[in-house]
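Sequence lines, in order, name chains A and B.
For what it's worth, the working numbering labels the leading residue of the first sequence as 1, then goes sequentially.
For what it's worth, the working numbering labels the leading residue of the second sequence as 1, then goes sequentially.
Quick caveat, the hints were computed from the structure, so don't treat them as lab data.
Do not rely on the hints blindly, as some may be mistaken.
Stated by the list, open to error - In silico EDC-like links for lysine to aspartate or glutamate, alpha-carbon gap of 20 Å or less: (1) A/Lys243 with B/Glu283; (2) A/Lys237 with B/Asp195; (3) A/Lys237 with B/Glu211; (4) B/Lys154 with A/Asp210; (5) A/Lys236 with B/Glu278; (6) B/Lys154 with A/Glu206; (7) A/Lys237 with B/Glu278; (8) A/Lys239 with B/Glu211; (9) A/Lys236 with B/Glu283; (10) A/Lys239 with B/Glu278; (11) A/Lys173 with B/Asp195; (12) A/Lys236 with B/Glu204; (13) A/Lys243 with B/Glu211; (14) B/Lys287 with A/Asp210; (15) A/Lys237 with B/Asp123; (16) B/Lys289 with A/Asp245; (17) B/Lys289 with A/Glu81; (18) B/Lys287 with A/Asp245; (19) A/Lys236 with B/Glu211; (20) A/Lys239 with B/Glu283; (21) A/Lys173 with B/Asp194; (22) B/Lys220 with A/Asp220; (23) A/Lys243 with B/Asp195.
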Amino acid sequence: MAVLALNVSAQGRGAAPAGRAGGPPSARAAAPFDPTGYWVAIISEDWRWRMVTPAKGDVVSIPLSPEGLRVAEAWDPAKDEAAGEQCKAYGAAGLMRGPTRLHITWQDDNTLKIESDYGQQTRLLRFTGVSGASEAGRAGAGAKTWQGVTTAQWVMAAGGGRGRGGARHGSIKSVTTQMRPGYLRKNGVPYSDRATMTEYWDLHTETNGDQYLVDTNVVDDPVYLQTPWITSLHFKKEKDGSKWDPSTCDARF
Amino acid sequence: MGSLNLRREVLAMRRIVFLAFGALAMSVPAFAQIELTGSYSPILYEDYIERGPGSDLGDFTGMPMTDEGRAKALLYTSNLPSTVERQCLAQAPWVLQYRPLGMRIWSEVDKDDKVVAWKIEGDYLRDTLTIWMDGRPEPSPNALSTAAGFSTGKWEGDTLTVRTTHVKTTWIRRGNGIPASDQTTYWVHLTRHDDLLTVVTIQEDPFYLSEPHVVSRVFKFDPRANQGGRSICNTANEIPRLEDSGIVPHYLPGQNPEADFMMRTYNLPKEAALGYAESLYPEYRHKLKGVYTPPASCGRYCCGWIERQGLPGAAPGLSCNDGGLGELNPVVKGKQDEGKK
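Bound conformation, chain A alone (with noise of 0.2 Å):
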């Protein structure tokens, strides 16, 4: 038995340690990084298909089905706009992509709140101790909605948290579901109802103090895409929210 548990430890894949109280702790308490604060997207890859909205059609890097690009051709901001969904690119497969900061807090001590002043969107990661898309599902069986429902979990990495004093290391591994249908580019490349969001959550902290948090997102959809569509996302802390600048949802900017 404990050759089995050093040897998950090792593999960095074992659960946070239990409380004192026998209870496991709170996702808060069990963090082995803050996430917290506001947080900014550097745009130094795809810049003129995430900065810009590039000309209908351009939807180069994107693994669309034959019928996601059907769809991506028919694409139609004012058709958008009188149907009141300016936030078809804002929901959470496509605003990780934005141009946007993120203000990160714990709601509570197991829902992490990611606020986006792009779009001035809400994601809740809510951490259960299991993270798939069956638990995803279960947890919110009700309507669909631009930022869907997501599960998370910690996933402790080796080498930390063993013996007093030694760093903690680790990462957040999310599963997004019921997303109401949405656009991966703002010019109306889909993604639909029946897609998944797996997201791993690492921060980097370098020796001059900056910070990085890494959003390994991977967005599959058995309608719209032919394989999972693969990227990562980095965004550099800030000292505060003086840059924080809320903006509405725009179907065509």
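Since chain A is already given, all that's left is putting chain B on it; use the hints.
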């Protein structure tokens, strides 16, 4: 008496078990880490044009360049690397972030099976990247710069953090002249999640970058890919008129005809097209709003995956554009072949 003997035996057994588990525990390295060994394929879902067909000339979007870096980049012409003496120049050690092929990672161990170094080979690397894990000090700043540079690494949880210095002056990114000086330092984080490897590079260059240049990419563990073999670079005379001419292809300052290519093609402002750091942050959109209008249609490389797989443009009437591949386009070729029958 019997119960006393039994108690001694139990205590002895406990001692043996304790010592056995203690020895086992000690055999687990204090910082046992994720295994990185293997072949990794790049996932080209970001900056596909740069990593696939190649960037547009004058495309410095997403770069925080200094005026000096920008000026140097605009002297560049794509004929320059075709000169015989430049065809095999060193590429930046972490150029794999910008290339279409993958990498191979393996470890080298000492007699006690302790990892001394991680090694990386990949497309366009002109040397094997060695990441020393044995705590050796960095060489003097005056030590030789090499194609691979000098790298040290340490584990931070499941992330291998690397510092690379002593590199050569190179071009980085895009094949359109964006430079990196030999004073460049790379901080790199390699994190494996299941079969995905996320590589974050933070590049600092006191000459050509106005702030750290951060890029994150995802690679996929792919044991069948056999990725990353170091290519052998052979030179050849690619442009006959340059042979023995002594000509160094270049544009004079202010005379690069492609300096405004991104502005006229994609309606981008100069600061965005030519790599001013302010354009990397969301607040820059205030300057863009009212100025930027999307091109009327997608001009090049629009179809991406659909066309690459030889699928027709999904439905009649689609304006999918192959980027001028012409006969190389599998759809066009298919139609031509059909016509010949």
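Do the hints match the structure? See the list:
For a cut-off of 20 Å, the pair hint linking A/Lys243 to B/Glu283 stands: about 8 Å separates their Cα positions. About 28 Å separates the Cα atoms of A/Lys237 and B/Asp195, which puts this hinted pair outside 20 Å; it is violated. Under the criterion of a C-alpha separation no larger than 20 Å, the hint pairing A/Lys237 with B/Glu211 is consistent with the structure, at around 15 Å. A distance of roughly 18 Å separates the Cα atoms of B/Lys154 and A/Asp210; the hinted pair therefore holds under the 20 Å criterion.
Taken as a hint, the A/Lys236 and B/Glu278 pair is honoured in the structure, with Cα atoms around 14 Å apart against an allowance of 20 Å. Taking the CA atoms of B/Lys154 and A/Glu206, the gap is about 13 Å. The hint holds against a cut of 20 Å. For the hint pairing A/Lys237 with B/Glu278, the CA-to-CA distance comes to about 17 Å; that is within 20 Å, so the pair holds. Distance check on the hinted pair: A/Lys239 and B/Glu211 sit about 17 Å apart at the alpha-carbon level, within 20 Å; holds.
This hinted pair checks out: A/Lys236 and B/Glu283 have alpha carbons roughly 14 Å apart, not beyond 20 Å. This hinted pair checks out: A/Lys239 and B/Glu278 have alpha carbons roughly 18 Å apart, not beyond 20 Å. Only pairs whose Cα atoms come within 20 Å are accepted, and A/Lys173 paired with B/Asp195 is accepted, the gap being roughly 14 Å. As the CA atoms of A/Lys236 and B/Glu204 are separated by approximately 15 Å, the hinted pair is consistent with the 20 Å bound.
Of the supplied pair hints, the one linking A/Lys243 and B/Glu211 holds, its CA atoms being roughly 18 Å apart against a limit of 20 Å. Note on B/Lys287 and A/Asp210: the hinted pairing is violated, with a Cα-Cα distance of about 27 Å set against a maximum of 20 Å. Of the pairs offered as hints, the one joining A/Lys237 and B/Asp123 is violated, with about 33 Å between alpha carbons and a cut-off of 20 Å exceeded. For the proposed pair B/Lys289 and A/Asp245, the alpha carbon gap of about 14 Å is at most 20 Å, so the pair holds.
Of the supplied pair hints, the one linking B/Lys289 and A/Glu81 holds, its CA atoms being roughly 18 Å apart against a limit of 20 Å. Restraint check for B/Lys287 and A/Asp245: satisfied, since their Cα atoms lie roughly 14 Å apart, inside the 20 Å limit. Distance hint between A/Lys236 and B/Glu211 is fulfilled; the C-alpha atoms sit about 13 Å from each other, no more than 20 Å. Of the supplied pair hints, the one linking A/Lys239 and B/Glu283 holds, its CA atoms being roughly 16 Å apart against a limit of 20 Å.
Simply put, A/Lys173 and B/Asp194 have alpha-carbon atoms about 11 Å apart, close enough for the 20 Å limit, and the pair holds. A hinted pair counts as satisfied when its Cα atoms are at most 20 Å apart, and B/Lys220 with A/Asp220 qualifies at roughly 15 Å. A threshold of 20 Å between alpha carbons decides the hint, and for A/Lys243 with B/Asp195 the separation of about 37 Å lies outside it, so the pair is violated.
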